[in-house]
Each structure stands twice: as C-alpha cells, then as structure tokens.
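Let the sequences and hints guide you as you build the complete structure.
Protein chains in written order, with the numbering used here: chain U, 4 to 281; chain E, 3 to 256; chain R, 490 to 1131.
Read the hints as simulated data drawn from the structure, not as lab findings. Some clues are possibly wrong.
Stated by the list, open to error - Per label pair, the in silico range of CB-to-CB distance:
hint	chain 1	residue 1	chain 2	residue 2	range
1	R	Ala1098	E	Ser4	45 to 51 Å
2	E	Asp24	R	Ala948	43 to 49 Å
3	U	Leu156	R	Glu643	35 to 41 Å
4	R	Asp1118	E	Ser4	56 to 62 Å
Claimed, not checked - These stretches of chain E come out as covered by chain U in the derived footprint (C-beta under 8 Å, 3 or more residues):
hint	region
5	115-123
6	130-144
7	198-209
Small disclaimer: the values here were computed from a predicted structure and weren't measured. We put the CB at the ideal spot given by N, CA and C, even for glycine.
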Amino acid sequence: MATGTEPPATEPRPRTGGVRDGTRAAIAAPHLRTDRWWLAPAATAAGLLAFIVYSTWRAFANTDYYAAPYVSPFYSPCLAENCEPMRSGPNWELFGSWWGISPAIIILIFPLGFRLTCYYYRKAYYRGFWASPPACAVAEPHATYTGETRFPLILQNIHRYFFYAAILVAGILTYDTVLAFRDEHYAWGHMGLGTLVFLLNIALIWAYTLSCHSCRHIVGGKLKHFSKHPVRYRMWQWVGRLNARHMQLAWASLLSVALADFYVYLVASGVFDDPRFF
Amino acid sequence: MSSYEARFKVWRGDVQGGGLEDFGVEVNDGEVVLDIIHRLQATQAPDLAVRWNCKAGKCGSCSAEINGRPRLLCMTRMSVFDRAETITVTPLRAFPVIRDLVTDVGFNYTKAREVPSFVPPEGVAAGEYRMMQEDVDRSQEFRKCIECFLCQDTCHVVRDHEENKPAFAGPRFLMRVAELDMHPLDAADETGLDRKRTAQDEHGLGYCNITKCCTEVCPEGIHITDNALIPLKERAADRKYDPLVWLGSKIRRR
Amino acid sequence: MSVVDRQEWDVVVVGAGGAGLRAAIEARARGARTAVICKSLFGKAHTVMAEGGIAAAMGNVNSGDDWKVHFRDTMRGGKFLNQWRMAELHAQEAPQRVWELETWGALFDRTKDGRISQRNFGGHEYPRLAHVGDRTGLELIRTLQQKIVSLQQEDFRETGDYESRLKVFQECTVTRVLKDGPRVSGVFGYERESGRFFVMEAPAVVVATGGIGKSFKVTSNSWEYTGDGHALALLAGAPLLNMEFVQFHPTGMVWPPSVKGILVTESVRGDGGVLRNSEGKRFMFDYIPDVFKEKYAESEDEGDRWYDDPDRNRRPPELLPRDEVARAINAEVKAGRGSPHGGVFLDVSTRMPAEVIKRRLPSMYHQFKELADVDITAEAMEVGPTCHYVMGGIAVDSDSAAARGVPGLFAAGEVAGGMHGSNRLGGNSLSDLLVFGRRAGWHAAEYAGGAARPRVDDAQVDTAAAEALRPFSAEGEEPVEGPPENPYSVHQELQQTMNDLVGIIRREHEMEQALAKLAELRVRARRAGVEGHRQFNPGWHLALDLRNMLLVSECVARAALERTESRGGHTREDHSAMERSWRNVNLLCALTDPTGGLAGTDSVRGQIALTRETTEPVRPDLLALFEKDELVKYLAEEELYE
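Okay, structure coming up:
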C-alpha cells in the first residue's frame, strides 16, 4: 500500500461538447437506459402524424363537411363565399368570392396555432419529431441548440394570442353544438347520435382550451397576492386542476375533433344516416 | 429475509478516463442502491468514491445515474429491479467527473450566485412580516428543492451542449427566480430589478423547451415545468412579448 | 511537508450547518473576513434532516407563551442540569432569530392572520415550533445558505470578488486546531476532492461540527457526525462537558434494516399520532413519571380533547420529553409487546384523514412509501429508539460561546454542551443553532478584531500532515503491531460496541466492557490502512475519522460509568433513580496526555481524564419562575435553602 499518495496529474480528454465531453465521465454510449424509452416519443410521433395526415386530407378536400344540422369543426366558422350554405349556421362570408381553395384553411390556422404553440404539444413534438431530446438522459443528435431563444421558435411566446383566438373558436363550436339540437329540416328540439358526438367534442375542446397554461396565467397565475383576489384565486385553482391533465385533454380533444369531423364526413358522404333519438 | 447476489456495473475512473467495472455483490431485503455501493466500499473497493449524507432523500447528495436514469442512490430501492438484471451505476453525465461516482457540481453553485437574492421590503421590521398561506404556497413548493441537481443533470440544454452552460441557469435556478418572483414580500421591483425580464435576458429561460425531463427526475415531485418554468415564461411574455400588457401598464401609469 | 497551501482569515468556522452558517453570517456582518469549512457540499449539512420546527416563544398561536415559559420547559426537559444562562438567552433570543430568517427569505407555514404558524411538540407547554411542513431544517439551511450568497453578492458589487470576505470551502475536513502557545492560531485540514493539505491561519476558530451519532449503530445521523469538533477541541486542550447524555429519539424507523434508525419526526405525535404496543394499547399512559404527573392527561379521552382544547385539557403522554418516550418504548419491546420488527406502532392512519396526513407530514408519507413500502395513511408505522443527538459537548461560556481554556476557540450548536442539560426538547436544537451560532460568530469576530495575528508553528503543521498520511503507510512502519486493519470493519465494531454496551439503558459492567473494547479498537485503528491515492478516497477519510469517534466514544463511556444515577439521556439500570445530589454536578472530559501523543491504549487509563465540577447556582429570579413544589423534585437540599 506504499502507493503514491499524490493524486495523478490531470490532463483532460478532448472536449466535444455533449455527454462525451472530455471533462465528463468517459462513457461512449449516448445513454445507458435499459427501459423502452423510445416508446413514448415514437407513439407521440405516430399519433401526431396520423392526425396531420387525416386533417390535411380533410382540410383540403373541401367536400362532405356539412350534413344538416352538423358542420364539421374543421370548417367552422366557414368564412368564404364558396362555403356550403348552412341555415343560421356559422357561415359568414368575410373573405368574399376571391377565396378559391378550401375555406377550412382560413379558420384552421387558429386551432393549429393554438396547438402548435401549446406547452404540451411543444414537449411532444420537440421530443417526438426533433429528438431534442428524444427522452430524458438520452443524448440528442444535434450539434448545437438554442431552444426558443431566437426566430422562429421565439414566436412560441405568442401562445396567449392563440389562446384568445381559441376561445372564440370554442365559442363558435359551442354555437354549432347548440345548432345540433335541430333535425335535418332545421326543426328545434331534436337529438341524434351526432349531437352526442358534438357534445363530447365541445366539452373536451373547452376543457383543453381552459386548461391552457396561458389561461392559468391570465386568470390568476400572474398575481403576486392571491389573498387580495379571492375570486381569481379560486379560478386559478380550478384551472390548475384542469391544467394538471393538460396532456390527456390535448389528446382527447384532438381525437374528439377528428371524430366529430369524421362523423360529419360519414353522414355527409352518405355512408349512413345519423341515427335520431327524438 | 432473502438475500441474493446482484450483478453491478459501476463506473470507475477520473477525468483522464475510466470505465464500467463489474461487481457481484450481496443484496438483502429492503435495501437501496446506496447500501450496495457501501457494501462494495466495505468489502471490495474501499476507495470507491461516492457522495452521500442523510440516506433518507433529504439532502440531495447521492445523485447518480442508475441504468442511465438520473436518480438518488438512497431512494432507489433494489426491489424495483429484476434480480437477473445487471444494474449500471455511473456518475452524473452533465458535469465534469472528479472520481468514480463523484462529479464537480460547481456549475450549480456558480449559477446560484447569479440569481439576485430576496430583497426585503423597505420599512417592514423583522417580526412584522405578514403573509397569507395561499400567497406562500407556490414558493414553498419550490423551496422543497433539496438541490440534488438531478434536474440540472438531465436537462439536455446543458447535458448535451456544454457551450450553453454560461448562458443557461438550468431548471433549479430558473425555479429559484420563479420562487422569488412569486414571494409575496419580495421587493425587487422597487429596486429596479425586474425578475420576469431577467429570467429571459440573463438566466436563459428561452433555452428551455419545456420537455419536462426536470420534472420527471425530481425526487421531491416538484412540478418544476408546470408550476415554475411555464409560469415564468408567461411572466416573461408579459414583459417582453405582450403589447396589450405593455399598453395597459403605460395607461395605468398615467 | 512544507508545500501546504496557506491562507489568512480572521475567523474560520468549521462546519456549515445551521450554527456554522449563522456564525459565519454574523462574523462577516461584524467585519471579520470569514472562511467556512465543511465536509460535504454547501447546503447538505445534517441540519436539513431536522423536521419538526424551531422552538421560539413568539406566541403566535397561543398568546400565553413567552420566554419565561420556554425557559421553564427547557429546564424541565433537561432535568435542571442545563447551563441556565444559556437556556435563558436561548428562550429570550429565539423569536428574534426566527423573525430575522423571514427577512432573509424564509417562508414558514402561516397562521390565519398571516403570522408564523407554530406547532405542538413534546415537552413544550404551548404550540411553539415555527415550521414548514416537516422539512423545517431544509428551510433553515437553505435560508442561511441564500443569505450567505446574498452577502457574497454584496461583496462582489463592492470588490469584484464574491469570496473576498466570506468564502465557503466545501468538501474539506479539518483534522487539527493549531495553536500559538495557549491560543488558537488556525486549522489544519485536507481537501476531500484532491487530498491536498491546507492551513488556515486565523486568530479565532468557531467549531460547529454537530454531533457524534456515527459512533452508534442505530442512528438518525449521517456519516458526517463523527464527533470531529468534540475531538478537535479535546486535542486543542478544551474540556468536554457531560458527554454521558446522548439522546435516543423515541421514533426511528426499524424496518427495513438498511434504513433502521432514520428519523420519524416528533410532529407525527405533535399532530395527533399515538403509540401502541402489539396488544393495541396506548401504553404511554403507564409511563408518566412523577415529576410530570400534573402536566399530562390521565385518560385517552382527555388526551384526545387536548388537540382541540388545550386550555382545559392536559396533553397526551405521547408528548412527554423524548427520553421518557424512548425508555417507555424500550421497556415495551423488552416486555415482549413489540411490533414484528422490534419496535412499537406509531399510528396516524386512524387519527386523521389521508389528505390531512399528506399535507402535514408530506416527507414522512414519502419516506415510508419509498423506503418501507408502508402507506402511513392506511397503516401504522413501526418505530423504535435511535441515537439522535448528544447533549454533551464542548464546555463554553454561556454568553460568548467561547470554549473554556483555549482563547480564540468558540463552539456553537450540537457540538457545544450545556444548553440542553441532560435532555433536549424537540425544536430547541434549531433555535440553539441560531441563537448561539450568532453569538459565537459575534464574539469570534470581536476577539479576532482585538487579537494580534497568531503565528502558525511549522512543527505542528508537519505533525498534523504526518498524522493524516499515516493510513497510507499502515504496512511496514511498525510490523510488530500486526497486519493493516480495514477501517470499515473497525468502524462497524465500534458502532456495535457503543450501541450494545453504552446505549439507551446502561449497566456498569457493560460500560467497563465497552472501555476495554474501545482500548482494543484504538490499537487496531492505529493500524487502519487504505488503498489507492488521496483523491476522494472514502477509505482514507474514514480511517482519519476513527480517531475522533474513538475519542468521543471513550468520553461517553467514561462519563456514563461515572454518573451513578439516571437523568435525561442517561439511564442506568443499576442506578435507576434521579439523584438530587447529582443535579449540580458536571462531568468534564479532558485528554490525559495533553501533549497530543494519543498513545494511551491502557483500558483503565485510556486517553480521557474525568473531573467533577459543581455547577453555578441558578440565579434566584430564574428559580422564582418555578413553583417550590416542583423545585423540590429536582434541586439538592442545600440549593433549596439558598
């Protein structure tokens, strides 16, 4: 044991920047995780991709989006002259006649922007599509990283404006749901399977929209003293409880909005008739 | 009581180099990984370097990576692993290694110094502080932090990009900024210090892409992302990216 | 050996727990350039383990509380052996120290009107403990740590260097206090990370190293608690006071084995938890000692009513001082009424709704869930006594925290003796750290300001360096002594010895056995050898710590053998009564060979010499705070008539 008691002179290995940086523990593997860490990002990517494919097809199709009294949420409000007429439905011809392509494109910008800048979806696609990082403690493949410090990702900071827009859209979809209590002849006081689908969808849309982190900030999170604003404190707590399920609501509402659209498509394209309850 | 022999791979070495060393070691009922590391020290590798203190998940010293995941050695029960599994223990991989499982966590202490401290309110004497529980709840959650630095270790902003270290405070210290900004009596504003703005401008909040690994690894279960980082991003947006709020504040000041 | 890094400071604080940091803050605030040395990382000190709260008579919850009541409780808890002036200062200054923390950013739990909430605790007449859930120690250490950072930021603005006036040297161990004649001249130590030696020259040294629990097998203490400060003071020529008083916390975890000893906070009982034996009986009602008969409930009903109506009912006996509860649990287990793993049951699950438990005892819930797979909201915990705190320590001046006999040496916190007498009340530790940490820093700075700079003796530095390097050359030097010893094995045997023979219940012949075993271990510890080099080598660190643990263990065993009575944290089976004649007797430990040879291996003579000392009589106005009837139970005949 008469070994040298002085520590060895240190001469660090070359610096490479990441987990294999010369100053860090010399481990060649980019990660040592033994669990199926790739499953979550892969599933996320697959789910989002499926929705993108479906929604792109439906948004550009410009057909089969109205089957009285139901209007597909992708096409509501319908803001061009080329919209199908819906009696007292959400068509307001703000864009006039020059708009040639599918009117869904106009309005979809808003929910798309809302979801694109959403704090949950950001996590989902940064992980799933960008692999930045693919999973926790798994090295990412990029040489440099600036996050959301510069254009274009710095634009994520405007999430709250999309939230305001999303409130309006949700309001209109609520209106659509009310209209769904008519029958195909526009007589009030009826209900069909579609009405149920719309009810489910609008509930989830509202829950997702109100569970938004920006909403949580606006209703009360920005305050320093909750004790001086008891009502906003209560609202903040309420939104906070919803917010804890933001991820689940994000997926549920994504699914329900696609389902509502698909239901309208099936009825409009004549695959089957909307079963009426009364 | 049943005991068995577990297979371990423990990283040994220093900044010059090193590698995973194989060990076979006895494991008894109810033990945690730190117990096994201690058994290695006492029986097979007396100079195996490891940091630890309280052994009860309260001090945050024994941070390491077990099977590639940042965890506290003292709070990882052996029963979560399959008996046949080889368990790999390495030092934190975001910080410079010193020896074996011990890393140089000086980065965190540097960052701690860069966050301006609590500013006591002018004219309120000690003993006269009045704060309501609902006003301190949020900051109290963040003060549960045991500074194990697992969040700092797992955050890809610095883990995968050494060059970001000067500009980015890391989740722990962004959370500290949030804690102070939400402190009901912090008087930073009165001294001209805008914590919301400096979070973005000086502590690198913009680097965070809210991928939530910090929250995933937090042994205290603090909702770092949802309760600290995102609210802080929203507060920074109030200051820097929201013309409505800006306009509102101009009008109110008149 | 002359290539040792040397630095000059005004005040060196050894230890960065609550007392050390508070001392450093005070010394720096009073103008002294201050260095803090700690074995762990900054902010990891054992103070983080404190759960329940800081005792301070602020009267926020019950306005009947004031310093006098707190003083009375402290003296009763310590069975009147407390250094009364310390207890007085402590009770008077604690509220200021707590309020001051708020101005540094601490966030305690609040009352309805926005003041600091206070909770009940064993031995405290009123709800008195300022707390943050059950992680008060963490809040305390973090607040002090952040205050130090804020002072460093101030210094940075003025001097351009964060560490110009206050610097923390983390992961460094001090092995010797250096002296210039009778007075302190600095400290010698090594960096754990690199193994390099350093000397800090300073006229004043504050020792704030905490306790000695790592000499016992079942303990709530971390590896740092190796009695370093006690040993440093002994070796520097300062005496230790009343080392026989070791507090066994009644409720430590007993299962699984790897976490045996980890603390279960007293708040569990303060908030309504009850102790039951295997027959389901709340046995504490059978263990109320005479001196406390009038203060505690006689029936379960009364005890339960007390939580809601403390003014008209007496508290349940689960909230007796810790020594009483620990002995009671010990007795139940011995009588065969223990739980499956050798403890008793501590139950909150039938007393409070699950959400309340999770809110008020979050880290206990977490600790049992994670470490023992027990859901405390659904089932009872198994608990048993665990070595928790040493009441004995460096003998100090009450007002200035100066160690006796060594000018320039100060001590605060657990390492200082006297404050808690023979038994400490829960919550009095954190307030002790703050009150006397501040006083130590203040007087150290004052002393350093007035003292000429001492000279560091090179010979002492060389001796210290040789002593520290010895474990690397355990082989070969003195081959006659035998093969090198594994420091881990020596340590384990020491822990077993102290646990079995000088534990919670003590017997004369066992302690004699312990002293013989300690003598043997001392010889073996001198042969403790280590492999590898000096860079972060835990085997080496332990080999060096063994010296301290052995010194301190001998103090405990010797003093315990000498005191032929039972009082507070010292229980003799062969002398089971508290003797009034021992009330005013202090036992002082000093080195037999003050030249520092440490050669004494003779089990009879050993390294430690004991002397008896009569305590200073309690000041009459403080005595007057008690009823005569009560004093009769404690005070010696002649003290009463004065």
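Here is how each hint holds up against the structure:
Taken as a hint, the range 45 to 51 Å holds for the pair R/Ala1098 and E/Ser4, whose Cβ atoms sit roughly 50 Å apart. For the hinted restraint 43 to 49 Å between E/Asp24 and R/Ala948, the CB-CB distance of approximately 48 Å keeps it satisfied. Look at U/Leu156 against R/Glu643: about 37 Å separates their beta carbons, and that is inside 35 to 41 Å. Between R/Asp1118 and E/Ser4, the C-beta spacing of about 58 Å keeps the proposed range 56 to 62 Å intact.
Given as covered by chain U, the region 115-123 of chain E fails the check, having 0 residues with a CB less than 8 Å from a CB of that chain where 3 are the minimum. Beta-carbon proximity to chain U at under 8 Å applies to 3 residues in the region 130-144 of chain E; the threshold of 3 is reached and the given coverage holds. With a cut-off of 8 Å between beta carbons, the region 198-209 of chain E has 3 residues touching chain U; three or more are needed, and the interface restraint holds.
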